[in-house]
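There are 2 protein chains.
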Amino acid sequence: MSNELKYAVFGSGSWATAIVKMLCENQTEVGWYMRSVYTKEHLIKEQHNPSYLSSVEFNIEQLKISNDINEIANYADVLIFVVPSAFIYSELEKLTVDITNKTVVSAVKGIVPETGLLLGEHFHDIYKVPFQNIAVIAGPCHAEEVALERLSYLTISCDDAKKAQHIANALSSDYIKTKISDDVIGTEYAVMLKNIYAIAAGIAHGLGYGDNFQSVLMSNAIREMKRFIKKKHKMKRNINNSAYLGDLLVTGYSLFSRNRMFGNMIGKGYTVKSAQMEMSMVAEGYYATKSAHLINQKNKKKTKMYIIDAVYNILYEGKDPKKEFIKLAEKLD
Amino acid sequence: MSNELKYAVFGSGSWATAIVKMLCENQTEVGWYMRSVYTKEHLIKEQHNPSYLSSVEFNIEQLKISNDINEIANYADVLIFVVPSAFIYSELEKLTVDITNKTVVSAVKGIVPETGLLLGEHFHDIYKVPFQNIAVIAGPCHAEEVALERLSYLTISCDDAKKAQHIANALSSDYIKTKISDDVIGTEYAVMLKNIYAIAAGIAHGLGYGDNFQSVLMSNAIREMKRFIKKKHKMKRNINNSAYLGDLLVTGYSLFSRNRMFGNMIGKGYTVKSAQMEMSMVAEGYYATKSAHLINQKNKKKTKMYIIDAVYNILYEGKDPKKEFIKLAEKLD
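Heads up: the sequence lines are chains A and B, in that order. Under the numbering used here, the first sequence has 247 at position 247, and the numbering climbs by one with no breaks. Under the numbering used here, the second sequence has 307 at position 307, and the numbering climbs by one with no breaks.
FYI, nobody ran anything at the bench for these hints, they're computed from the structure. Treat the hints with caution; some may be incorrect.
Since the list gives no way to pick out one identical chain from another, each pair is judged satisfied if it fits inside one copy or across any two copies.
Said to hold, decoys possible - BS3-like mimics (lysine-lysine), calculated; alpha carbons at most 25 angstroms apart, straight line: (1) Lys179 - Lys322; (2) Lys273 - Lys290; (3) Lys230 - Lys302; (4) Lys304 - Lys232; (5) Lys322 - Lys177; (6) Lys331 - Lys236; (7) Lys64 - Lys6; (8) Lys298 - Lys6; (9) Lys64 - Lys40; (10) Lys179 - Lys331; (11) Lys331 - Lys177; (12) Lys6 - Lys102; (13) Lys331 - Lys162; (14) Lys179 - Lys327; (15) Lys323 - Lys273; (16) Lys331 - Lys298; (17) Lys301 - Lys231; (18) Lys300 - Lys236; (19) Lys304 - Lys179.
With these hints in hand, go ahead and build the complete structure from the sequences.
So, in structure tokens, the structure goes:
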């Protein structure tokens, strides 16, 4: 891949904004698609995103901002999608540009709810993007700490190691260290599953469980994640690498994680609906829970996934969190 | 092992007090050795430990408290040692009772500094206790949460599964779940090593690193721990079980961990001596760091242990924490 490749980010939330910031450290120009006309105009006028990471100042000369997804898709060679999974399907429906020869990168933290596919699979099946053109960006990385330029590590996964390295280089800086991996499917699942475990951690906290229980929960979660991913895509991987365990920890221990916060409200007795209304948004892990459940239903021999089952029963089957966690606690070790 | 076996705890810190509380849920009588005459008298008069977990009330009828280590060693069949590793050598020197036929349990979180041996090895080598009579209690378990009766999990390791189960039963209750393991050496090393990683987490925090870095540090720590333990005692173990990973997390993420606090002061610029004076105690991990370093020095082919090396260089070689962590950050992934 040439060094002159043009990069673009699709989305304007905190993680999208953080990725644009990272790219601006290295690229002459970065394409940026966002749906909101207001956000675009504010950005151009005030040099910062009005709603997310607003402390990050951009040099507008360096950005090619548009509300037209096709304009940006046409402009760039490497397209990084950072739209919440709940909106990705409808956003992509606007896409008319042929992207089969472009590199498509997922920084979406979940599954496409409408199809039950990982974003990579979605691009492959619906948009005919070959697998070697599909990459994934995984953390552990809170966007807020990127804004503060606190040292963070990313893993870029792609079947094509050269492409992975090119993207890694484009994102690297004084405060971003990168490594590459060939486990595209595994890292995408890890990114999705961690949010379910963060909801579980939140529920536990809301119910009054303490730090001892939380550490047992996380220790069981990483073992469950390993089983789940192995069933979907068997290969040699060290589940304790940062892209899996690190990402689980930064989300499961974060008091700022929206998924953990959502779980906490559920644990404290809010209904799913009232917790969602209170947060005025839907936590990624909410959809991921259903997707993970459905995926396991399809397995001939089901994977033991006690934690995901408990979260599913609470969120989708109306089960009482307290009782469900008493049952779960018996299964953990 | 008969159900009538008598249990005793040696030590009067917070973890010792928590273990006495657990035993009192099941045993008619529990022996309790403590060095301090004042603590003994206060306990008998006020029904609680004056210095640690003082919210826990004991039924004094249920306790056989003594300042004479031999009286308690003589009384009990199962001796649980919970003395800080820095004092265990001198405490044990008082022991004249033959303990070769008793079950000896280590809940000491470190290595005997004078001999560089794990407590189990120390009992075997110096006191001729056969290995099948030696057990280890591992967390993840903050004593403070035991006091609050928050659900916690313990792992009891012993070569003799029946003994492990007997001890597990003696500690189990509504709020304590137990499992057994045959990895005595591995769990003892894990208990010791986690404190070094907690110091590392504290140093990182003191230096201003954030949550993203912390999760990468923990992800690297568990891999390093696995390598270290494998070198000392190769067997099939899942390093992500609660006794290893869970215990690492509860310590590494705890704001109340003395080791993390000590590290935090070092990261903020205190010298080792002033941090120790300020805390009016020595963090277990301080000794563990030296022991782990010495153990690795003796390995023919050294284990890569970047985090322990960095902590060692800072605590024992006077290296600058900031520079040392910049070097360490390059090696993590």
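Hints and how they fare:
When the C-alpha separation of Lys179 and Lys322 is checked against a cutoff of 25 angstroms, the pair qualifies only between copies, where the shortest distance is 23 angstroms, while the shortest distance within a copy is 41 angstroms. Taking the shortest alpha-carbon separations for Lys273 and Lys290, only the intra-copy value of 15 angstroms comes in at or below 25 angstroms, while the best inter-copy value is 54 angstroms. Taking CA atoms no more than 25 angstroms apart as the test, Lys230 paired with Lys302 passes inside one copy only; the shortest distance there is 12 angstroms, against 32 angstroms between copies. When the C-alpha separation of Lys304 and Lys232 is checked against a cutoff of 25 angstroms, the pair qualifies only within one copy, where the shortest distance is 13 angstroms, while the shortest distance between copies is 32 angstroms.
In this assembly of identical chains, Lys322 and Lys177 lie within 25 angstroms of each other by CA distance solely across copies; the values are 18 angstroms between and 41 angstroms within a copy. Proximity of Lys331 and Lys236 under a CA criterion of 25 angstroms is satisfied inter-copy only: 22 angstroms between copies versus 27 angstroms inside one chain copy. Taking identical chains as interchangeable, the C-alpha atoms of Lys64 and Lys6 lie at most 25 angstroms apart only when both belong to the same chain, with a minimum of 11 angstroms there against 76 angstroms between chains. In this assembly of identical chains, Lys298 and Lys6 lie within 25 angstroms of each other by CA distance neither inside one copy nor across copies; the values are 40 angstroms within and 52 angstroms between.
For a Cα distance limit of 25 angstroms, the shortest separation of Lys64 from Lys40 inside one copy, 10 angstroms, qualifies, whereas the shortest one across copies, 74 angstroms, does not. Only between protomers do Lys179 and Lys331 lie at most 25 angstroms apart by alpha-carbon distance; the minimum there is 12 angstroms, versus 35 angstroms within a single protomer. Only between protomers do Lys331 and Lys177 lie at most 25 angstroms apart by alpha-carbon distance; the minimum there is 11 angstroms, versus 38 angstroms within a single protomer. Within a single copy, Lys6 and Lys102 get their C-alpha atoms as close as 10 angstroms, which meets the 25 angstroms cut-off; across copies the closest is 72 angstroms, which misses it.
Proximity of Lys331 and Lys162 under a CA criterion of 25 angstroms is satisfied inter-copy only: 22 angstroms between copies versus 43 angstroms inside one chain copy. Taking CA atoms no more than 25 angstroms apart as the test, Lys179 paired with Lys327 passes between copies only; the shortest distance there is 17 angstroms, against 39 angstroms inside one copy. Taking CA atoms no more than 25 angstroms apart as the test, Lys323 paired with Lys273 passes inside one copy only; the shortest distance there is 20 angstroms, against 50 angstroms between copies. Taking identical chains as interchangeable, the C-alpha atoms of Lys331 and Lys298 lie at most 25 angstroms apart only when both belong to the same chain, with a minimum of 23 angstroms there against 41 angstroms between chains.
Proximity of Lys301 to Lys231 under the C-alpha cut-off of 25 angstroms is restricted to the intra-copy arrangement: shortest distance 9 angstroms within a copy versus 36 angstroms between copies. In this homomeric assembly, Lys300 and Lys236 come within 25 angstroms of each other (Cα to Cα) only inside a single copy, at 22 angstroms, whereas the closest approach across copies is 28 angstroms. In the homo-oligomer, the alpha carbons of Lys304 and Lys179 lie at most 25 angstroms apart only across protomers (19 angstroms), although the nearest pairing inside one protomer, at 31 angstroms, exceeds that limit.
In summary, the structure is inconsistent with hint 8 from the numbered list given earlier, while agreeing with all the others.
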